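**Q** These protein sequence lines are chains A and B, in that order.
For the first sequence, the numbering used here gives the first residue as 249, with consecutive numbering after it.
For the second sequence, the numbering used here gives the first residue as 249, with consecutive numbering after it.
Identical chains blur together in the list; that is why a pair holds if it fits in one copy or across any two.
With a straight-line cut-off of 20 Å between C-alpha atoms, the simulated EDC-like cross-links for lysine to aspartate or glutamate are:
# : residue 1 : residue 2
1 : K321      : E253
2 : K333      : D280
3 : K333      : E284
4 : K259      : E281
5 : K272      : E283
Quick caveat, the hints were computed from the structure, so don't treat them as lab data.
Every value quoted in this text rests on a predicted model; they were computed, and no experiment measured them.
2 protein chains.
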Amino acid sequence: MHIREFQEMMKHLYFRRDSARGVKGAHDWLKDEVEELGEALNGASREELEKEFADVIAWLASLANITGVDLEKAALEKYNNQCPKCGRLPCECKF
Amino acid sequence: MHIREFQEMMKHLYFRRDSARGVKGAHDWLKDEVEELGEALNGASREELEKEFADVIAWLASLANITGVDLEKAALEKYNNQCPKCGRLPCECKF
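Could you build all of it, start to finish, from the sequences and the hints given here?
**A** What follows is the structure in C-alpha cells.
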C-alpha cells in the first residue's frame, strides 16, 4: 500500500476523533506510542512488536492528517534515493 | 510509493550505519525526531514541518530495518479498513 493510501485510510477511520483531539493531543499520543515501541523492543513477542510499529505509523499518519501534510510527498521530497546530506546512495556521511 | 518500497530505500541508504548504531541508538534517534516534529508544530514553516515528518517516517523505517520488521505488513495487519478496537469504519469507539 502506498504511504498516501495508508494516510487516507487513517483519515477515513479517525479524522473526526483526531481533529477533536487536536494537534498537541495527537503529538502527545505519538510520543506515547514511540515509548511503547521502545518497551516492546526490550523482549516483547514478534507480534506485539509489530503492533507497536503499526501504532507509530498510524499516529504519524493521523497527525499528518490533522495538520494537512502529505506524508508521502514530504518523505520523498527529503529522501529520494539519495542521502539529503551527502547526496549519495548509500549514504557516505561521517557520523 | 509503497510503505515497503520506502523502507527498502532507507535500507539501501542507511542500513550499514543504522546497524552499527544499534536498536537502542536508533530508537533514541526516533524519539529525538518526534520531539523536533513537536517543536516544528509550534510555528515552523510548512517546508520545515514537512521535513520533520519525513525524518520521523525515515527513522521509523530504519528502526524497522534493523529489527527485521516489515512496516507495511505490520501496519496493514493492525489497521486494514477497520478500527482494530471496534471493527468499524469510521471508528465508533468511545474515547
